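Colleague: With chain X held as given, fit chain Y onto it using these hints.
Take a look at the letters that make up each chain.
There are 2 protein chains.
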Amino acid sequence: MTSSSALLTDRYELTMLDAALRNGTAHRESMFEAFARRLPAGRRYGVVAGTGRLLEAIGRFRFTDAELDWLRAADVVHASTLDWLADYRFGGTIWGYREGEAYFPGSPLVIVNATFAEGVILETLILSILNSDSAVASAAARMVSVALGRPLAEMGSRRTNEYAAVATARAAYIAGFGATSNLEAGRTWGVPTMGTAAHSFTLLHDTEEDAFRAQVEALGAGTTLLVDTYDVEKGVETAVRVAGTGLGAVRIDSGDLPSVVASVRDQLDSLGAVNTKITVTSDLDEYLIGALSGSPVDAYGVGTSVATGSGSPTAGMVYKLVARRGDDHEWVSVAKSSVEKVSVGGRKTAVRRIDSTRTAREEIVYLGDGPDGEPEGAQDESRERPLQATLMRDGVADPAFLGAAGTKAAREHRAAVMQELPIEAFRLGAGEAAIPTVYR
Amino acid sequence: MTSSSALLTDRYELTMLDAALRNGTAHRESMFEAFARRLPAGRRYGVVAGTGRLLEAIGRFRFTDAELDWLRAADVVHASTLDWLADYRFGGTIWGYREGEAYFPGSPLVIVNATFAEGVILETLILSILNSDSAVASAAARMVSVALGRPLAEMGSRRTNEYAAVATARAAYIAGFGATSNLEAGRTWGVPTMGTAAHSFTLLHDTEEDAFRAQVEALGAGTTLLVDTYDVEKGVETAVRVAGTGLGAVRIDSGDLPSVVASVRDQLDSLGAVNTKITVTSDLDEYLIGALSGSPVDAYGVGTSVATGSGSPTAGMVYKLVARRGDDHEWVSVAKSSVEKVSVGGRKTAVRRIDSTRTAREEIVYLGDGPDGEPEGAQDESRERPLQATLMRDGVADPAFLGAAGTKAAREHRAAVMQELPIEAFRLGAGEAAIPTVYR
Numbered sequence: 203m204t205s206s207s208a209l210l211t212d213r214y215e216l217t218m219l220d221a222a223l224r225n226g227t228a229h230r231e232s233m234f235e236a237f238a239r240r241l242p243a244g245r246r247y248g249v250v251a252g253t254g255r256l257l258e259a260i261g262r263f264r265f266t267d268a269e270l271d272w273l274r275a276a277d278v279v280h281a282s283t284l285d286w287l288a289d290y291r292f293g294g295t296i297w298g299y300r301e302g303e304a305y306f307p308g309s310p311l312v313i314v315n316a317t318f319a320e321g322v323i324l325e326t327l328i329l330s331i332l333n334s335d336s337a338v339a340s341a342a343a344r345m346v347s348v349a350l351g352r353p354l355a356e357m358g359s360r361r362t363n364e365y366a367a368v369a370t371a372r373a374a375y376i377a378g379f380g381a382t383s384n385l386e387a388g389r390t391w392g393v394p395t396m397g398t399a400a401h402s403f404t405l406l407h408d409t410e411e412d413a414f415r416a417q418v419e420a421l422g423a424g425t426t427l428l429v430d431t432y433d434v435e436k437g438v439e440t441a442v443r444v445a446g447t448g449l450g451a452v453r454i455d456s457g458d459l460p461s462v463v464a465s466v467r468d469q470l471d472s473l474g475a476v477n478t479k480i481t482v483t484s485d486l487d488e489y490l491i492g493a494l495s496g497s498p499v500d501a502y503g504v505g506t507s508v509a510t511g512s513g514s515p516t517a518g519m520v521y522k523l524v525a526r527r528g529d530d531h532e533w534v535s536v537a538k539s540s541v542e543k544v545s546v547g548g549r550k551t552a553v554r555r556i557d558s559t560r561t562a563r564e565e566i567v568y569l570g571d572g573p574d575g576e577p578e579g580a581q582d583e584s585r586e587r588p589l590q591a592t593l594m595r596d597g598v599a600d601p602a603f604l605g606a607a608g609t610k611a612a613r614e615h616r617a618a619v620m621q622e623l624p625i626e627a628f629r630l631g632a633g634e635a636a637i638p639t640v641y642r
Numbered sequence: 203m204t205s206s207s208a209l210l211t212d213r214y215e216l217t218m219l220d221a222a223l224r225n226g227t228a229h230r231e232s233m234f235e236a237f238a239r240r241l242p243a244g245r246r247y248g249v250v251a252g253t254g255r256l257l258e259a260i261g262r263f264r265f266t267d268a269e270l271d272w273l274r275a276a277d278v279v280h281a282s283t284l285d286w287l288a289d290y291r292f293g294g295t296i297w298g299y300r301e302g303e304a305y306f307p308g309s310p311l312v313i314v315n316a317t318f319a320e321g322v323i324l325e326t327l328i329l330s331i332l333n334s335d336s337a338v339a340s341a342a343a344r345m346v347s348v349a350l351g352r353p354l355a356e357m358g359s360r361r362t363n364e365y366a367a368v369a370t371a372r373a374a375y376i377a378g379f380g381a382t383s384n385l386e387a388g389r390t391w392g393v394p395t396m397g398t399a400a401h402s403f404t405l406l407h408d409t410e411e412d413a414f415r416a417q418v419e420a421l422g423a424g425t426t427l428l429v430d431t432y433d434v435e436k437g438v439e440t441a442v443r444v445a446g447t448g449l450g451a452v453r454i455d456s457g458d459l460p461s462v463v464a465s466v467r468d469q470l471d472s473l474g475a476v477n478t479k480i481t482v483t484s485d486l487d488e489y490l491i492g493a494l495s496g497s498p499v500d501a502y503g504v505g506t507s508v509a510t511g512s513g514s515p516t517a518g519m520v521y522k523l524v525a526r527r528g529d530d531h532e533w534v535s536v537a538k539s540s541v542e543k544v545s546v547g548g549r550k551t552a553v554r555r556i557d558s559t560r561t562a563r564e565e566i567v568y569l570g571d572g573p574d575g576e577p578e579g580a581q582d583e584s585r586e587r588p589l590q591a592t593l594m595r596d597g598v599a600d601p602a603f604l605g606a607a608g609t610k611a612a613r614e615h616r617a618a619v620m621q622e623l624p625i626e627a628f629r630l631g632a633g634e635a636a637i638p639t640v641y642r
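Keeping their order, the protein sequence lines are chains X and Y.
Be aware that the first sequence starts at 203, since it is given in this note's numbering, and climbs by one per residue.
Be aware that the second sequence starts at 203, since it is given in this note's numbering, and climbs by one per residue.
With the rest of the complex left out, here is chain X (with noise of 0.2 angstroms):
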């Protein structure tokens, strides 16, 4: 695999840059915005994620001689204009929401300030990225809120593609995740990992027993043992005699979880492991979560529901030329006009606005260039948040944005803005965004 993230575009990227310059509007200065017209299915808010990814991979879109071979060798474009690819690099500024941040639908999530040359062939790569890791971030978020504090752990590597994985990994970790069976997702972007045994290794063994002398004989008493391989109850018996009541944890992956948590803690219990935590990990999503809050659970992992995005998988954006210079340099707002697509041309500068008790009320969008004067509601105690930073200037991107230490800025900043929701976005049923979306 190349490490050039130059072809994770769509053809018509570049057919569309071929013909811009061979007319010369391919120069034209350019406004391009992401943004999504709605959010998943029912949600009362979504997480911006995939930010600090996206920056890294702009740093690593280069047309080298391997790429610039094959799109010869294709006919993808004119010579003139592998000429011009050899060249690129990104040179403008994009605008954006904090990773981390919550959004509403028309936030606009990023604007790309650049030629059109430059911007449009970005296109898919920004889209492929957002869109992605806000997804499960999006989704991962509402987990984490309905968690009330236990703590979660991605496992969903498996469920989706194996690069995927990683930024699921990442993204979850995000949306208030602890912790991540990927160890990928460790190496890069300093995600803690987690995990010790599957079923396969109590099979591998004569016996249960075994397989639990090993395990801790390896990994030490404080390790979580999985004890549903045969019968649950001669598991955690079995557990306990091998580990002593220091046992981590016992993970359970199978049955009717609230029955089987009580009856496990009642047994752990009686065994005199009243310190011995109890993770579930079983097919769980938001709702069954939801459903264990009055079981004595301690940790859950989650695996298809988080990789997959509990039933949206993609979160919807779109990137769309929103404004550009003419022959006189003058800008012009552009948007498509047809039918149920209608977008709102011109660039524009996001607030929230918090009210007096902290919290979140409107997502205000001004229209040209943001608010004027004096910022509106300073009267009365409310105040008006910004929310775009500059995320990348004249092609160099803000470092603090980038690596593990820009994911956990982002988890933090994460943190930071869901106590400014409304209650209401906390809600698990259907339901509308949690604030209005304002253009001024």
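Hints listed in this document are in silico derivations from the structure and should not be mistaken for laboratory results.
What you are looking at is a predicted structure, and each value in this text was computed from that prediction instead of being measured.
Label pairs and their computed distance ranges (CB to CB):
1) Asn477(X) - Glu622(Y): 56 to 62 angstroms
2) Glu411(Y) - Ser205(X): 38 to 44 angstroms
3) Tyr290(Y) - Asn477(X): 36 to 42 angstroms
4) Trp286(Y) - Pro601(X): 36 to 42 angstroms
5) Ser535(X) - Tyr290(Y): 56 to 62 angstroms
6) Pro460(Y) - Arg642(X): 38 to 44 angstroms
7) Phe628(X) - Tyr290(Y): 41 to 47 angstroms
8) Pro394(X) - Tyr489(Y): 41 to 47 angstroms
Far from chain X, by Cβ distances over 10 angstroms, these chain Y residues were calculated:
9) Gln469
10) Tyr489
11) Gly633
Backbone N, C-alpha and C fix where the C-beta goes; we use that ideal spot for every residue, glycine too.
Modeller: Only chain Y this time, still in chain X's reference frame:
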């Protein structure tokens, strides 16, 4: 990004390895099996995809210094296990369904024969690739059958992770799509690429006519012009005026497609552009494609629904230890016995019974070493088609399954297999698997 696939792995695989190396069970010869307990909701059949990618990824499953240094720093396993990983090369044998093959609940899709140590650490990689690629192929195959021979192009890259997008394009191609928008899929897997222009290209220009002229200048009159940026009727008129009646195609991306397509066809014909084709692309899925079967559409472009498995983004396959040798070197069939997740232990050999009308009737899974003696049913003119090929022997992949050639072969195999499925398999509505799975 590293080219090693070794950390695309759940941590528990390495902790199991660690414990099993310490007590020697790691070296027990084992059989692991990947299979699906059920098809995605309501589907009649699934399509296996990802096999070729998997074989290549196993070849890149190497713990180089970069991986080992991180594992050491993160204290994942003991030093002796790191030494074992440093030398790791998968040396086992893998049998499995050919890529492009149809599958049903319980079909033994991949069987890995290796030591426990060698086989267990491939679990996540195998499942990530097969689950995601097969989900796409299974959805795409339904779109292909309902399109009744009209060509389909995959254009969902922006709706999934940027690397998953490449795999999506490949899986859809195997399932019968004719092309993709994704350039990397063209380069890596030989999938034909397509695409001309987006709405942004029209909006960049001062008029739609300017945009069309620029595109025809660069790409020729045989190009596809996108006619719905402003007003479809005016767009079609302008398109034919600019490109002439030799215009290749118009693309429509919005509106009530049956009515819009009918009026555009009439308009094109009345303008003399009788050979100009109509491509539609507007959140299509298998049901909307079916609803257009009576409309004069020439080609479909499908994005979100194919990239997200049309409601089933993961195939739900699992990877289980089904047999291993004991200390006496005898094979022992093993299976988890708890509650709802019962598995069938033992090595399995699968055939599909094809009747005298060349129609598939049963998925027969032989337990143990497979059918004995004379193939059953030889006297009634039915036959049993073996479903498992040797994908990798002693760590060496069969080159017939790799690269662009393997991808093309998988596409051809899928086409042949589809001919053999009973007609019930192609019903769009929810229902049971088209043929039963029988254990013998």
